[in-house]
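**Q** Listed below, chain by chain, are the residues.
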Amino acid sequence: MLAEGALIAPLFVAARATTAPRMPNQPMDEARFEAFYRRMAGKIWSYIYRMTGDASAADDLLQKTFFRFLRSNPVIADEDHLRRYVYKTATNLVFDHFREAKRDRAVAIEMPQSDFRADRGELRHDMMRVFSELKPQERALLWLAHVEGSSHEEIAESLAVKTKSVKVMLFRARKRLGALLSKKGLAP
Amino acid sequence: MTAMTGCRLEPDVIRAAASGEWTSSLRRHAESCADCAAAAEVGPWMEEFARLDDREHILPDPAVLWLKAKLMQSNATMQRASLPMTRLQIGAYLAVAACWASLLTWKWSAIEAWVKSLTPSHMVMASASAQATASLTVSFFALVVVLSSATVFVAMHTILAEE
Numbered sequence: 001m002l003a004e005g006a007l008i009a010p011l012f013v014a015a016r017a018t019t020a021p022r023m024p025n026q027p028m029d030e031a032r033f034e035a036f037y038r039r040m041a042g043k044i045w046s047y048i049y050r051m052t053g054d055a056s057a058a059d060d061l062l063q064k065t066f067f068r069f070l071r072s073n074p075v076i077a078d079e080d081h082l083r084r085y086v087y088k089t090a091t092n093l094v095f096d097h098f099r100e101a102k103r104d105r106a107v108a109i110e111m112p113q114s115d116f117r118a119d120r121g122e123l124r125h126d127m128m129r130v131f132s133e134l135k136p137q138e139r140a141l142l143w144l145a146h147v148e149g150s151s152h153e154e155i156a157e158s159l160a161v162k163t164k165s166v167k168v169m170l171f172r173a174r175k176r177l178g179a180l181l182s183k184k185g186l187a188p
Numbered sequence: 189m190t191a192m193t194g195c196r197l198e199p200d201v202i203r204a205a206a207s208g209e210w211t212s213s214l215r216r217h218a219e220s221c222a223d224c225a226a227a228a229e230v231g232p233w234m235e236e237f238a239r240l241d242d243r244e245h246i247l248p249d250p251a252v253l254w255l256k257a258k259l260m261q262s263n264a265t266m267q268r269a270s271l272p273m274t275r276l277q278i279g280a281y282l283a284v285a286a287c288w289a290s291l292l293t294w295k296w297s298a299i300e301a302w303v304k305s306l307t308p309s310h311m312v313m314a315s316a317s318a319q320a321t322a323s324l325t326v327s328f329f330a331l332v333v334v335l336s337s338a339t340v341f342v343a344m345h346t347i348l349a350e351e
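Chains as they are written, first to last, in the numbering used here: chain E, 1 to 188; chain P, 189 to 351.
Hints may contain errors.
What the hints assert, rightly or not - If the Cβ cut is set under 10 Å, some of the chain E residues that face chain P in the computed set are:
{"hint": "1", "residue": "Phe33"}
{"hint": "2", "residue": "Val130"}
{"hint": "3", "residue": "Ala160"}
As the list claims (entries may be wrong) - Pair by pair, the computed Cβ-Cβ distance ranges are:
{"hint": "4", "chain 1": "P", "residue 1": "Ala343", "chain 2": "E", "residue 2": "Arg39", "range": "48 to 58 Å"}
{"hint": "5", "chain 1": "P", "residue 1": "Arg239", "chain 2": "E", "residue 2": "Ser182", "range": "45 to 55 Å"}
{"hint": "6", "chain 1": "P", "residue 1": "Ser337", "chain 2": "E", "residue 2": "Phe95", "range": "22 to 32 Å"}
{"hint": "7", "chain 1": "P", "residue 1": "Cys287", "chain 2": "E", "residue 2": "Arg99", "range": "30 to 40 Å"}
{"hint": "8", "chain 1": "P", "residue 1": "Pro272", "chain 2": "E", "residue 2": "Asp126", "range": "20 to 30 Å"}
{"hint": "9", "chain 1": "P", "residue 1": "Glu236", "chain 2": "E", "residue 2": "Arg172", "range": "13 to 23 Å"}
As the list claims (entries may be wrong) - A short list of chain E residues far from chain P (calculated; beta carbon distances all over 10 Å):
{"hint": "10", "residue": "Glu30"}
{"hint": "11", "residue": "Asp59"}
{"hint": "12", "residue": "Glu79"}
{"hint": "13", "residue": "Arg99"}
{"hint": "14", "residue": "Ala101"}
{"hint": "15", "residue": "Lys102"}
{"hint": "16", "residue": "Gln137"}
{"hint": "17", "residue": "Glu157"}
{"hint": "18", "residue": "Lys183"}
I should point out that these hints are in silico values taken from the structure, not numbers from a laboratory. Glycine residues also receive a C-beta, built at the ideal position from the N, C-alpha and C atoms.
Based on the sequences and whatever the hints tell you, model everything.
**A** This is the structure we're talking about:
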């Protein structure tokens, strides 16, 4: 089971926009960091894991994400802003991870197979396989839009692209996923 | 639709596609809007995908992360603080090396003659040796002593600073 506060990917985070707590505008202390971490770490881990398909890489990148977050000396009062910052950092680190893997050629860009053994369930196996066939950017777009319920502006910020490009990129990613699902006979 | 952020009903369509709770107007809209149709097409699958149980996983303890981050920060601060000192040390090494090079270049012929005078064949010819030694003045030896001291001082400073 997941650790406390590490609930995986609640869909849309419907209440997110209305309940995101406002923090006093002062440097983040340990208690505040811990509270923020417990709210975010599970989601970020899931995001990274779905992007990379590698649990150990997800562990590593999660830690790096929060190290960078702390190194930035967060003082921003708005938790939504902090959330976006963490997603942006995680996305950058995942893309760096793919670039390093490509450069080393030791690790294929595709998700490693070891984590997707059939004994974890055929459905899970098939779904992970389908998702791994998308480009990293497409995975990020779909996850942020559908699972995190991020707006186009938030997605643009996380992926460092123009807001108006998100609409087209997201449409293409959805179409590609739809085509893959039809091809594999997994279309709902 | 808005040009910048896609269809304004897209979040509602995603929610409806995930939950299966469609209103008739929203369904009609999804059928006529390309973005929403695409969102509705993959929405249920993405919901199912997100709900997959991840492997048993223990996330790192936030207290440990906090401590590590603080340690890394203090290391970085220390490195930043010691940067001027490191530069100063490099400068000192370069200056000492330049002084040694100048001194050796200036007195090279005399040093060469003096070194040659130390061989057994030249030792026999005492007058030649005396001449060579005479060309190395007291000031030269004083400079050698000063430069040697400076070299030892810089080296000791580096060792102590590292400790």
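**Q** Next step is simple, just say for each hint if it's right about the structure.
**A** Hint-by-hint comparison with the structure:
| no. | hint | verdict |
| --- | --- | --- |
| 1 | Phe33 | holds (6 Å) |
| 2 | Val130 | holds (8 Å) |
| 3 | Ala160 | violated (17 Å) |
| 4 | P:Ala343 with E:Arg39: 48 to 58 Å | holds (54 Å) |
| 5 | P:Arg239 with E:Ser182: 45 to 55 Å | violated (21 Å) |
| 6 | P:Ser337 with E:Phe95: 22 to 32 Å | violated (55 Å) |
| 7 | P:Cys287 with E:Arg99: 30 to 40 Å | violated (48 Å) |
| 8 | P:Pro272 with E:Asp126: 20 to 30 Å | violated (59 Å) |
| 9 | P:Glu236 with E:Arg172: 13 to 23 Å | holds (22 Å) |
| 10 | Glu30 | violated (5 Å) |
| 11 | Asp59 | violated (7 Å) |
| 12 | Glu79 | holds (16 Å) |
| 13 | Arg99 | holds (23 Å) |
| 14 | Ala101 | holds (21 Å) |
| 15 | Lys102 | holds (25 Å) |
| 16 | Gln137 | holds (16 Å) |
| 17 | Glu157 | holds (13 Å) |
| 18 | Lys183 | holds (13 Å) |
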